[in-house]
Amino acid sequence: MKNLKTLTLVLITMITFSSCSDDDSNGPVNEEEVITTVSATFTPQGGGTPVVLISRDLDGDGPDAPVVSVSGPFTAGTIYEGAIHFLNQLASPAEDITTEIQQEGDEHQVFFQHSGIGTIAYLDEDMNGNPLGLSVLYTATTTPGAGSMTITLRHEPNKTAEGVANGNIANAGGSTDAQVNFSVVVE
Amino acid sequence: MSLSFGEGVRVRSEAMLILYPNPMRIYILLLALLAGSWCAHSQHTISGKVAAPNNIPLDGAHIHIGLLHGSSAPDGSYEVHNVASGEQHMYISYIGYKTMDTLVNMQGDVRLDIVLSPETMQLEEVVLAETKVSKNTVHEQRLTTETIEKYSNASLGDALKEVAGVYSLRTGSTLVKPVINGLHSSRVPVISNNVRLEDQQWGTEHAPNLDINSAGRVSVIKGASALQYGGDAIGGLVLVEPVSVLQDTLFGKTILTTDSNGRGGSLSSSIHKGNYSGWAWNAGGTFKYMGDREAPDYVLSNTGNREANFAGDVKYLGNDYDASVSYSFYNATIGIAKATHIGNVADLVRAINNGQPDVAAPFTYTIGAPRQEVQHHLAKANFNKQLSDDASLSLQYAFQLNNRKEFDMRRGDYANVPALDLVLATHSLNADWKKVTNGTEYKTGISTSAQFNNASPDTGVRPLIPTYDKYDAGVYGIVSHSFSNSLSAEAGLRYDFSHISAMKYYQKTRWNSLGYNGVYDHFIIKDTVSQWLTNPRFTYHNVSASLGIRKKLSLKYDLLANAGLAMRNPNPSELFSDGLHHSNGTIELGNLGIEKEKALKLSATLLKRESNFRMEATPYLNAIRDFIYLSPTGVEYTIRGTFPVFNYRQDNVLMAGLDLHTDWDITGHFRHSFNFAYVHADNTTRKEPLIDMPPLNISNTLRYSLDWHSLFLELRSEAVFTQTRYPDNNFYADVPVNGELVPTYVDISTPPPGYHLLHFTSGMQFALGKTLASLGFSVNNIFNTAYRDYLNRQRFYTDDIGRNFQLQLKFNY
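If you read the protein sequences in the order shown, they are chains A and B. Residue 183 in our numbering is what sits at position 183 of the first sequence, and the numbering runs on without skipping anything. Just add 1000 to the spot in the second sequence (first one is 1) and you have our numbering.
Accuracy of the hints is not assured; some may be wrong.
For each label pair, taking beta carbons as the anchor points, the in silico distance ranges come out as [claimed, not checked]:
id, chain 1, residue 1, chain 2, residue 2, range
1, B, Tyr1495, A, Pro93, 52 to 58 angstroms
2, B, Ser1530, A, Pro50, 28 to 34 angstroms
3, A, Glu31, B, Leu1401, 23 to 29 angstroms
The set of hints was computed from the structure by calculation and includes no laboratory data. Glycine included, every Cβ here is placed at the ideal spot set by N, Cα and C.
Work out the full structure: start from the sequences and follow the hints.
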């Protein structure tokens, strides 16, 4: 009988300890890692009005599509310095993710694919001397026309693969953190 | 010569035998026997075979003689060397069978063949209560001890694949879920130590959280015929039970496994104290350490895994009662191939077109992201009481705590913050009563459970599954009756109540796009600018039923027929899923309007038993109303790019299939085993094939065995055909080409081609002093064949694993 008592005691102890459950109601998740906004500001060398491309998706992975805006046309033959920014505007105040990407430069690279609207060259490097792509030099084509530009942020790309250092995304691998497409015009 | 306990002893008297074990002790004196010479050697060898009635060999039966121990090989043979002369006590025990206790007079080498008869009544295991082997209307397919041990460094899902009609749903090579007759996850509950495992089993990437090494017995019941475990097993049940020996004995075993593919291994050790009265206990632990697995052509980066598990129990067997407490802990870290993490559809198209991963790092033991860290605690207390000669009562309380952390490839400080962090606590209380009278058995019971899921908000990612509370209660009754020695029948009825109350934030845009606006407004409790805080509540009342008959057609043939009605409530993922699934680049959306699934399964099993040939053939038909599945509904655009959207929807489904298994003893040394499984499943609402059905698969095993050191050599051929029946879910998505978005065809539907693999296994036993040691050597995928499996979630990204050499050393002591 003594054994039985011991067992009963063990049973009661277990029930007592396990029946305290967490009833806290959790708050909404603060989505701090999400990129809601990609902006690319192209400033003409020697001054002038910058061309600003913005893609903003305030519901993240939600059903709404990103809202895309292009401030104006590029000027044929002009050289622009481009600065790319990634923001999380769901956080308050809005969080600039660009610095984080810069700090982890070896794990990121921004790629620019376009339909022959000129040439885009990397101006910056990560800690290993490989291109990063937050700062670029865009030389607009001398032939006016309409085209498109896709800006892609890759996480953990293979930076040493063939062509990747020159901005060719084909062999880059990794996973896509952001991919936005803009319709642009060169006048 | 052969010994056998009389069969056909009435149930009641057998119950008495166990309560008062003395009369059961039958001492049989073996006089000087057989080939052994009357020489003056002081040490002898005893050998023979252990079998169940009908000459079915018992694999892993435990043998004690004097101070020596041994266990039988898969063909039932055993050998114990260095036995002293004179009268020796010998015990032969096997779970589910009556222990034999005998005296052997050793005057030379002795050969003793043993036939154990099945236990018809076991007090301490409710699970085993209906093991009247010849009268059971439900056909349980059991794994042999050899199979369980062979997969010591693998998983439950891998081992179960050896049963005809059980396939596996994989994520890589370590996350393996059993698929019974085409169904899995929430449709196939796993019952571990009589407790229903609650381990986020809804997820296709969530393998059962238990250590196969803690299992003494693993069996499969196809269909929902075992109502005492629940009424929602639309696919079937997996029963895992610990070792239990009704004999005063102390024994243990240690298994050391090393694998070339993954360059690691596992160590599993357990010790068991069996008893017929007083204290009995088990304790065991397992460690696993594996690095990256390798496909034939490349390393599968980040596919290592670690496990550290423990299981133990203590039981007290009194005169007319027994009580036990048990605890088990499963702790695993599992790497997910890096190649499967994709950001958007462009990445998916690239993966499909490249045909091989672009992440190809050298071999490492390091596990980075993505990975799963899972811990599962299971504690239970159990009390069984014999109320009278023919009635018994069992009470059980169990507590389970499951913590699942999934780490994704993330930026900055978030790299070490899980993207999913769920804590699931489940309390369950069961009471089962059983009464056996002349030829009729009554079983009834109630079960209640309370479950609390907590989705941590600290992940920085909106959780796939919300925080929720769930309460369940069920009551069942089962009557079985033997009309004659050749005909028995069973009927069961069960009612279940379930209530779930969740707390979930919905993005307002999502809420509207799912059409909830105006329909589920009563669930909204708070407005947080861009999101609604909602409290969805659902209540379900389910009725399930089963009917089975077993007819002995002749000495060789038995026919079993079963009809089962099962109902399954939608799981949290089907109701609430809401977001991006990184491993397959899809947005998966649950639906609050999902209703319960109802299934009617009809099946028959024809059993044939001859001395050198055995067959089991099981044709079945499963009609499911409102079958819940993921179906593609369109494409969504986000700042990451394009994603296909899959919504849970419900249609009617009809599945028909055949499982076939045969064993043929060609000669005394050669045995051939054959498995065949085919399922033909249609979505009858949409008039198209059902997605993710296992393709036709056939396996042939040829085994050569010798008495010499119980040596066996086995060659196994595994043929998996191409699944030709699948729905076309292919879609067009915008993929950037030279800066322009080009609509690109994404083929996510076409199953990979069929494949054929050859495996080799061998083993032998030898004596190391007083312990019995076994050495096993095997080669999996001998020809290093590159293949992909339709039911592997990573088939778009990587090949399956290549050749593996395995060395296994086992000690029984």
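Each hint, compared with the structure:
1. Tyr1495/B / Pro93/A: 52 to 58 angstroms: 55 angstroms, holds
2. Ser1530/B / Pro50/A: 28 to 34 angstroms: 30 angstroms, holds
3. Glu31/A / Leu1401/B: 23 to 29 angstroms: Given a distance of about 28 angstroms, which is inside 23 to 29 angstroms, the answer is holds.
Hint check: no violations occur; every hint is consistent with the structure.
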